[in-house]
Every structure is written in structure tokens, then in C-alpha cells.
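Novice: Here are the chains, one letter per residue:
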Amino acid sequence: MTTPATGAHAQAGSHGHEPGHHEVSFFHKYLWSTDHKMIAMQYLFTGTALALIGGYLAYVFRMQLAFPGHDVPGYGLVTPNRYNSLVTMHGSIMIFWVAMPVLVAAFGNFLIPLMIGCDDMVFPRINRLSYQVFLVSAIILLASFFVHGGAFGGAWTSYPPLSAKGVYNLTPIGASLWLVAVALEFVAFLLGGINFIVTTMNGRAPGMRMWDIPVVVWMIVIASVLFMASVGPLIAGAVMLFFDQRLGTAFFDPGRGGDPLLWQHLFWFFGHPEVYVVLLPALGMVAEIMAVFARKKLFGYRTILYTTWATGILSFVVWAHHQFIAGIDPRMANVFTITTLLISVPITEMIFVYIATLYGGSIQFTTPMLWALSFVAEFLIGGVTGIFLGASGADIYFHDTYFVVAHFHYTFFPSAIIGMFAGLTFWYPKMFGRMLNETLGKIHFWGTIIAFNVIFIPLFITGAAGDQRRIYNYALFSEQERPGLQHLRELSTIGVIVLLAFQVFFLFNFFWSLRHGERASENPWLSNTLEWTVPSPPPHGNFAELPTVYRGPYEYATPGRKEDYWPQNAPITPIEEGAL
Amino acid sequence: MSAPARSIANLRSVTGIPTARLVTWWVIASEMFIFGGLLASYVMHRLAHPEWAIAASNTNTKAGAFNTFVLLTSSLFAVLAHKAADAEDGKGAAKYLRLTALGGFLFLIVKGFEWTHEIREGFVLASGGFWSFYYTVAGLHALHVLAGAIIMLIFAVDAAKNVNLPRVQCIGLYWHFVDIIWIFLFPLLYIAK
Amino acid sequence: MLQRFATSGSTFAPQIDHLILLIAILVGFWFLAAEFALFWLCFRFRRREGHSAQYITGEEKHLSKWVTWPHFAVIVCDIVILIPAILVWVNVKQSSPPAEQTVRIFSQQWAWSFQEPGPDGALDTADDIRTVGDLHVKVNATYHFELQSRDVLHSFSVPEFRLKQDAVPGRAITGWFKTTRTGTFDIQCTQMCGMGHGLMAAHIIVETPEQHAAWMKSVSNPAAVATSVVAPAPGTGASTEDSKFAEVRQ
Numbered sequence: 057m058t059t060p061a062t063g064a065h066a067q068a069g070s071h072g073h074e075p076g077h078h079e080v081s082f083f084h085k086y087l088w089s090t091d092h093k094m095i096a097m098q099y100l101f102t103g104t105a106l107a108l109i110g111g112y113l114a115y116v117f118r119m120q121l122a123f124p125g126h127d128v129p130g131y132g133l134v135t136p137n138r139y140n141s142l143v144t145m146h147g148s149i150m151i152f153w154v155a156m157p158v159l160v161a162a163f164g165n166f167l168i169p170l171m172i173g174c175d176d177m178v179f180p181r182i183n184r185l186s187y188q189v190f191l192v193s194a195i196i197l198l199a200s201f202f203v204h205g206g207a208f209g210g211a212w213t214s215y216p217p218l219s220a221k222g223v224y225n226l227t228p229i230g231a232s233l234w235l236v237a238v239a240l241e242f243v244a245f246l247l248g249g250i251n252f253i254v255t256t257m258n259g260r261a262p263g264m265r266m267w268d269i270p271v272v273v274w275m276i277v278i279a280s281v282l283f284m285a286s287v288g289p290l291i292a293g294a295v296m297l298f299f300d301q302r303l304g305t306a307f308f309d310p311g312r313g314g315d316p317l318l319w320q321h322l323f324w325f326f327g328h329p330e331v332y333v334v335l336l337p338a339l340g341m342v343a344e345i346m347a348v349f350a351r352k353k354l355f356g357y358r359t360i361l362y363t364t365w366a367t368g369i370l371s372f373v374v375w376a377h378h379q380f381i382a383g384i385d386p387r388m389a390n391v392f393t394i395t396t397l398l399i400s401v402p403i404t405e406m407i408f409v410y411i412a413t414l415y416g417g418s419i420q421f422t423t424p425m426l427w428a429l430s431f432v433a434e435f436l437i438g439g440v441t442g443i444f445l446g447a448s449g450a451d452i453y454f455h456d457t458y459f460v461v462a463h464f465h466y467t468f469f470p471s472a473i474i475g476m477f478a479g480l481t482f483w484y485p486k487m488f489g490r491m492l493n494e495t496l497g498k499i500h501f502w503g504t505i506i507a508f509n510v511i512f513i514p515l516f517i518t519g520a521a522g523d524q525r526r527i528y529n530y531a532l533f534s535e536q537e538r539p540g541l542q543h544l545r546e547l548s549t550i551g552v553i554v555l556l557a558f559q560v561f562f563l564f565n566f567f568w569s570l571r572h573g574e575r576a577s578e579n580p581w582l583s584n585t586l587e588w589t590v591p592s593p594p595p596h597g598n599f600a601e602l603p604t605v606y607r608g609p610y611e612y613a614t615p616g617r618k619e620d621y622w623p624q625n626a627p628i629t630p631i632e633e634g635a636l
Numbered sequence: 080m081s082a083p084a085r086s087i088a089n090l091r092s093v094t095g096i097p098t099a100r101l102v103t104w105w106v107i108a109s110e111m112f113i114f115g116g117l118l119a120s121y122v123m124h125r126l127a128h129p130e131w132a133i134a135a136s137n138t139n140t141k142a143g144a145f146n147t148f149v150l151l152t153s154s155l156f157a158v159l160a161h162k163a164a165d166a167e168d169g170k171g172a173a174k175y176l177r178l179t180a181l182g183g184f185l186f187l188i189v190k191g192f193e194w195t196h197e198i199r200e201g202f203v204l205a206s207g208g209f210w211s212f213y214y215t216v217a218g219l220h221a222l223h224v225l226a227g228a229i230i231m232l233i234f235a236v237d238a239a240k241n242v243n244l245p246r247v248q249c250i251g252l253y254w255h256f257v258d259i260i261w262i263f264l265f266p267l268l269y270i271a272k
Numbered sequence: 458m459l460q461r462f463a464t465s466g467s468t469f470a471p472q473i474d475h476l477i478l479l480i481a482i483l484v485g486f487w488f489l490a491a492e493f494a495l496f497w498l499c500f501r502f503r504r505r506e507g508h509s510a511q512y513i514t515g516e517e518k519h520l521s522k523w524v525t526w527p528h529f530a531v532i533v534c535d536i537v538i539l540i541p542a543i544l545v546w547v548n549v550k551q552s553s554p555p556a557e558q559t560v561r562i563f564s565q566q567w568a569w570s571f572q573e574p575g576p577d578g579a580l581d582t583a584d585d586i587r588t589v590g591d592l593h594v595k596v597n598a599t600y601h602f603e604l605q606s607r608d609v610l611h612s613f614s615v616p617e618f619r620l621k622q623d624a625v626p627g628r629a630i631t632g633w634f635k636t637t638r639t640g641t642f643d644i645q646c647t648q649m650c651g652m653g654h655g656l657m658a659a660h661i662i663v664e665t666p667e668q669h670a671a672w673m674k675s676v677s678n679p680a681a682v683a684t685s686v687v688a689p690a691p692g693t694g695a696s697t698e699d700s701k702f703a704e705v706r707q
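Residue numbers (our numbering), protein chains in the order written: chain L, 57 to 636; chain H, 80 to 272; chain V, 458 to 707.
Simulated from the structure, these hints should not be mistaken for laboratory data.
Hints are not guaranteed to be accurate.
Only part of the chain V face toward chain L is listed, based on derived beta-carbon distances under 7 Å [what the hints assert, rightly or not]:
1. Leu476
2. Phe488
3. Gly515
4. Val524
5. Arg607
6. Leu610
7. Arg619
8. Pro626
9. Ala658
Restraint-style ranges between C-beta atoms, simulated for each label pair [unchecked claim]:
10. Ile229/H - Lys498/L: 55 to 65 Å
11. Leu656/V - Phe145/H: 50 to 60 Å
12. Gln188/L - Trp526/V: 48 to 58 Å
13. Arg358/L - Val533/V: 53 to 63 Å
14. Ala530/V - Met111/H: 19 to 29 Å
15. Ala127/H - His543/L: 47 to 57 Å
16. Trp526/V - Met266/L: 44 to 54 Å
17. Ala530/V - Ser534/L: 40 to 50 Å
18. Thr604/L - Asn243/H: 29 to 39 Å
19. Phe184/H - Arg571/L: 50 to 60 Å
Cβ coordinates follow ideal geometry from the N, Cα and C atoms, glycine included.
Let the sequences and hints guide you as you build the complete structure.
Specialist: This is the structure we're talking about:
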């Protein structure tokens, strides 16, 4: 069968009745669709559901840290073994099954065809397959909670020999299921990434040159390239680790000629570019939102692109900063500390460009803009604290402490969570045809941001005070048993509870507005990019008439024009041509 | 009116390169990184373990050489298939595709004999570092040969009817990649003793 | 600065602390500058009646210099940080000052054990002292350590000394330290090593030479004859067939 799902309306809750509409079964519309918008929704809902699970896991282990030895309400007793599973699964879920599907797959799928002016991805059926593989990976991962021994407990980094032998990690079935789930997730994103890259390369509307492509599309494409180049060696490593686990090979077993450090290199060669895979889409969405709500061109579109490519390329030569004290040749550390501090340079320039975009603007503090601005404010903390870790001499102290945990949450949370909320609040009208409630949106924003800082600022302090990672109870360490530190741990835990509680506002807003929100026009934000030229939500096929593009995406406040925005597909009238 | 079989995006080509070919290149690129990682790991280990040469001396260089010849020849058929497809000769393209696939199956049969012999000698996946890499890398490669041969046969069905001829070039590209991986494998696993 | 959070007990701790302070000052400056710019621009250019946005491409020299010059200043700051960072690293991890004693540190699921020279001062002799959980060393003395693992990866970390090194099975990784004050200091394992990762607490007890001698006397076996003993092969569990191990100078 070669026909894609026909007549499939993009989203739940939409009631479009355009000519040519014909009835499609629930199965075809929601579960077997090849429409990029529906696939985006599938990724979005799966990712956010897993985010709730990941958040719950964090609640449980933070309760153990705040009140050690007490039963956690809604869970029970956290034994040392279960603690290890909780932190392992929290990290794995958040990176692979929340950040990636929401930022890359959901927004990539929804936005790319719309923003480049075509009707779908170049291979819609491969697109559908990518989600199905992803869903299978998520199911396998969740199933691992229920097997004998429980979910894998060897940390999301899965270092052998701990991860290779069940007698060491005590979660042997979970360990293999975890590995299979991760490998399948990688395959899903390879499949998806190919669509993103090739559709952007080949499917653009006539007139859209490279420099007319919106930044967020560029970012998702570059992220897909980074992912594709970095994940290959880790797929090889995953096969090797799986064989060590199940077939008695000794790739990583030092007693039989293997090398545990090989896994670390393979893992982090992927692991470092991976953080940029997660960061870039968020940066892209923030750029779009800032331009729209400051009513201004981006301060340096090409600078943003060049610094992104520079960061992406450099990201392949910094990986061993995760292994400074791992037993690598110490001379290598000198090389990697130089490359690591070097990579801070293009990213810093990009952030300066973002801030400079505000200059001369006319800034509206809508909910999406609040999220976008808070991304910059919070990511700055993540970025500067990274310097402490990238400088090898300082990393000797901070490595594997809570300082690292706080650092990467100040980069991951802005990317995965703030980026998600920025994108969702901004594109919700286009996705669902309704406006979200601004008041609820702002309550949700402030509660989330404040709670986020309450969780992680204390952890910088406890980390600097010597709290090492992945320890389920500091009672055995007299230097860590000080009341001041315990109060900080409790404060952090309270932050988690408050953060989770405030998500109720978002969930309510999201679902209530689907039915009762004000109906959205085509272009409620007066934005220039092509997705705002179609109905909200867009019909199957997106454009009744495929657009032609005449200019870049950031022509705001162009002199000589009555309106302060200029859509990419608006033809130039003779009068305007004369005036400009 | 029947629904279009392809999205409009699929029919466009802003870069001038046909979409299917672009996709094929990206698939090959990602596969290169997978094999690259595996081979780099092997080379690093091999350099650190000179004694692996003893284990490696048990591989069947003649079989490996024959298989190299088989794959190179089958790649030649893949090129001829592409030429036929370009000339709109669907039947010719299908014939050469089938010959290429035949080469792939011959490769796998030879490998089957090779491995049966080695397993009987007691060299299995867990027999030591060299053998773990040997079976993993060659096994992964063999899976790609098998997949490629099967896809080739499927594409040959359409090609014979002069339908979907651009796919012939794409699967041919994939086949060349499979060939090139083997060109690296053969010296590393068979010749380096 | 870190004195507030953790006191220090080794000679290289102050060097690391000074490096951390330097980084804190430099990044702190940029952080505050960037946040200030962000908040100030939000306030200054908030939407107001009668004011519209300006058309700014980013190529205007009088504006782009605000990005370009800070960009170069950041590069300079990075270099200023890199130089001491590498110097500290080389001192702690690459150099190996002459040591009075060598101690061997064993990590395993889930305990730390130690092998120290006995009264004869030499390691791998019959009067070596083996302890579990407590490592006794003399204050103001330079020690070499040899870190091994018997099963999975562990990591030997003494926050008060700013000392940290992963233990890799199959290797003996060396390092050094010189303590500066007496006391009992925590050893935390800082590499995920399974169920007992948080349970393998140990201590390093720094004593005056007199206290140390007294301790040694109380645990030694005077009847032991000082003969040579082959060093135990590091690595995995009971496996002794692989006697090769790589010694890594740290």
C-alpha cells in the first residue's frame, strides 16, 4: 500500500471540515498516520507522559535524600539497590525518552514541513516507522521496572564491568532490557533524523534560500547531523556490551583482555555531542520566540549559524572531559581541557547575540517570551558553572559531586523543560487551534522557574561541600552529616515537590484550552514564518496553495512598511518595491 | 482521484540531488560511523594485544580472499545494473540486480562454511578478544550483506517492469558501501597475522 | 573560598582552591554582566505606547562591537583560566614528588582495604599492615598511593584533600598526596559501583609521627620476618591468570 493516511486531521480536538474530507478510522487517524503533524503529537504525548514518570522518580529519590530511611509516600522504602535504579532510570528517561522526543522529534516533525513550505516529510512512512520503533523502545524500558531484579541500576552511563555482569549490578535482566531500549531509541532517531535533514535540504518552497530557513529548522537539522555522526560508535559499543552481558564475550572485562575504559570513550564520544543535540532545538525555538516578541530581526542570523556549526564540530573533540580522573593518560587531560574551554567561546557569542537581539526592540512579555528569556537567564548559570568542570585542575575536586549534577541540570532543564514549555506555549495555537490561558500560563511559569532554582542552587553548595554522586544516604560520612547540609538537601526536595505541583497548572491549561480556549486565528502572534500562514490547526497537506518565499524570516519593523512584520511568502508589491 | 503515493516534498529537489539518493547517502554515513566505531575499537585492542596474532592465524585467508573477489564482482554487477537503469532498460537492470544479490548469497554461503569450520575447531564468540571482535564485526557486516541482497531482489521485481528505476542506483550505492567495509575488514581480520 | 564548605588537609588543596576562586571571579563577572544586560534590555525596551522596534541587522559597527569585544575578552579569560588549570593538573596528576612511603589502596564491592608498610618501611614484605576501612598516614609526609580495584570501577575520593582518582580493575593507578593537618577524614567512593556504593565509607587517619608509630606498634606482628612477598595482581576477583597489569604514572 503506497497511500499515506488520507484525510487525517492533524490533532486531537480539531474540527476542520474542508472539501475533499473523508472519514478515516480512529486507527488510521491517530495510530497509523503518516502525517508529520500527527507523528509530532505522538512523540509529544509519549515524551510528556514519560516526563511525568521521570519527575516522579526524582521525587522518590530526593525524598530518600531528605528523609533517609523513611518510607516515601507513594512509593515505599528506598533500599540502596532501588535508589540506584531510581537515579539510573531518571537520567535515562529524561535524556532519551523526554528531551529527545519532545525537542527533536515532536517539534522537528511539526515545524519543519510547515516552516519550509511543503506538505509533509520526504518519506512519511519512514517517519511513522521511526515513532513506532521509539514507542517499542519506551515500552521495553518501562517493562524493565517489572522484571525480576527491577530496573537497571548501573547509572545512565552504564559503565562496565558493573553493567556487564549481573552479579555486580544485581539487575541483570533490567540491564539488558535497558541496553536494547537505548539501542532501539537510537535507531528511531536515526530514522527520524534522515527525514529532517533530507526534507530541509530538498523540500523547501521555491525562493527559500539557505539563509531564509528559520533558525529552529537549522538547529534541528544540525542536531540531527550531530546525532547521526556521534551515535554510531556507541551503537557498536552497545552491541559489544550486550554480548558481554549475554554471550560471555570480554570486550570490557579486564580479566580477560578487555578494557572498561573503551566503553567510556565510546559512550562519551556520543555523550558530549548528545548534549548539543538536546540544546540546539531549544536554542532555535528561543530564537524564534525572541524575534517575534521583541518585533526585531535576530541580531546576527549568520553568526548564530556559524557559531552553531563551530560548536557542533568542536563537540566531537571534548568528550574526555567526562573522564579526566577515569584513569586516562593524564597528558590527554591537558588536550581536552583546552578544547573544552574553547567550546565555551562560540556558545558565549551566541548567547550575546540573543541578548543583543533585545536591544531596540518592543518587547511583549507573553508567556512564551517569559520562557524564552528565562532560558537565557538559566542557561547562563549552566554555562558558567561548566567552566569549573572543564578546567581539569578544578575538576579534580568537583568531578562526580553534586556540583556536576547542578551544572547539568542548569543546561538540561533549560533545554528540555523550559525549551519545551517555550515551544508549546508559542505553537499551541497552531497545533490545536486554540489559545492557552495567559494567566494560568504565567502562574505555571513563575512557579516552575522559582521551584527549579530552589532545587538546584542548594545542590551547587552541597556538591562544593563534598557530597559525592549516587550516594543514597550521607549518614555514614561524618563530614557530610552536618545539619546545614541536610537542610539544603531537604530544601532541594521541597523544590521538587513544588515543581511537580505547579505542573498541574500547565496540564489543566493544556487540556481545558483544547475545548474552551479562545479560537486561534492563523497568525495570533503576527509572526513572519510560513506556519503562521495556514489555518490553526493546519489541514492535511498543510498548504491549500504551496507558498513561494521572497525574504528571510526575521523582517520585523522593516522601515517603509505599515505593519511591523513581513511574512516570508508575501509578494512584494510595486509600491513597496519603490519605497524600499 | 486516488491519493498521491508521494508527498510533494518528496518530489522536490532544491539541491538538485534526487531525494532518494540523498537519503541513501545519509544512511551510509550513519552506518560508516557504526562500523568505524567498531573497527577503531578493534584496532586499538589489537595494538594493545600483539598475542591476538596467534588467534588470528586461524582465520581462513583463502576463503576471505575468495569472498573479496565475490563482493567486488557483485559490485561490478551493481554498476551494470545502474547503467541499465539509466538507459531505461528495466529488464537488464533487474537481471544485474539479481546477479549482484547472487554474489551476496554466495558470500554468505562461503562465510557459513568458514564459520562452521572455525566453530568446530572451538573458536566461538566468547573464545577470547580476537574472536569476539571477529564474529561481531564480520557478523554485523554479514547481516548488512543479507539485508542488501534481499532488498535488491525486492527492487528487481519493480525494475523488471521499468518502475521505480532510480532505486536501482540507491541500492547499488548501499552495496558499494557494504563492499568498502569488507575491504577494510579483510586485511584487519584475515591478513594481519 | 571553599574553606566555607570543606576544610582542607593536603598541600595541593589550596592550589585547587585558588584555581576555583579564580574561575569563580572571572565567570562570576561575565555571568553578572550578561544577566544585567538581559534584565536591563528587557526593562529598557519593553513595549510602550508610541515606541516601535528598530530595524537592526547586527552589522552596525557601533552595536556589533558590544558582542565582538566581549567575545574576545572571553577568549582571554579562558586562556587566563587554562594556564593555572593545567599547572595544577600537572602538579597533582602528572608529577610524582619523592615519597617517604607507598600505600596500596584496594577497592571492591563494598569496602576499602589498605596495605601499608610495616615497621621495616618497605611494602610487600611480611610485616605489612593490612587494614579494612581505616588508612593511617603520617602528617606532613609525602605518600605515593597505588589504587586498585578487585571487581568494578570505584573511585577513591577524599574531599578534604581535594583528592580523587577512579580505580579501574586490571590496573594499578598511582598518585601522591601530602597531608597538612592531623585528623580523621572521610573517604567516599565516587563512582557508581552497585548496591553498596553508599555503604563503603572509610577513613584516612592522619597522625603525628609519634601517634603513627604507636599505632603501628599496636597492630604489628613482631615475629614476622622481613622477606620479599610478591605483590598481589590487581584485577578481577579470583582471576590470577592475567598477571599483566598496566601501571599508570599519575
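Novice: Given Arg619/V was flagged as interface, is its beta-carbon under 7 Å from a beta-carbon of chain L?
Specialist: Given a least distance of 5 Å, the restraint on Arg619/V holds.
Novice: Taking 50 to 60 Å as the stated bounds, is the beta-carbon spacing between Phe184/H and Arg571/L within them?
Specialist: This hint holds: roughly 59 Å between Cβ atoms.
Novice: Was the hint right that Arg607/V lines chain L, CB cutoff 7 Å?
Specialist: Hint on Arg607/V: violated, closest Cβ of chain L at ~10 Å, above 7 Å.
Novice: Quick check: does the Cβ-Cβ distance between Arg358/L and Val533/V fall within 53 to 63 Å?
Specialist: Violated - the Cβ-Cβ distance for Arg358/L and Val533/V, about 24 Å, lies outside 53 to 63 Å.
Novice: Take the shortest C-beta to C-beta distance between Ala658/V and chain L; is it under 7 Å?
Specialist: Where the cut-off is 7 Å and the nearest Cβ of chain L is about 4 Å from Ala658/V, the hint holds.
Novice: Would you say the C-beta atoms of Thr604/L and Asn243/H sit inside 29 to 39 Å of each other?
Specialist: Taking Cβ atoms as reference, Thr604/L and Asn243/H lie about 30 Å apart, which means the hint holds.
Novice: Holds or violated: the hint that Pro626/V contacts chain L, with Cβ atoms closer than 7 Å.
Specialist: Because about 5 Å separates Pro626/V from the closest Cβ in chain L, which is inside the 7 Å limit, the hint holds.
Novice: Could you say whether the range 19 to 29 Å given as a hint is met by the Cβ separation of Ala530/V and Met111/H?
Specialist: 40 Å, violated
Novice: Taking 55 to 65 Å as the stated bounds, is the beta-carbon spacing between Ile229/H and Lys498/L within them?
Specialist: Because 57 Å falls inside the window, the suggested range holds.
Novice: Given a hinted range of 40 to 50 Å, is it respected by the beta-carbon distance of Ala530/V and Ser534/L?
Specialist: 44 Å, holds
Novice: Using Cβ atoms only, decide whether Val524/V comes closer than 7 Å to chain L, and label the hint accordingly.
Specialist: 5 Å, holds
Novice: Against the range 44 to 54 Å, how does the distance between the Cβ atoms of Trp526/V and Met266/L compare: consistent or not?
Specialist: 29 Å, violated
In summary, the numbered hints that this structure violates are 5, 13, 14, 16.
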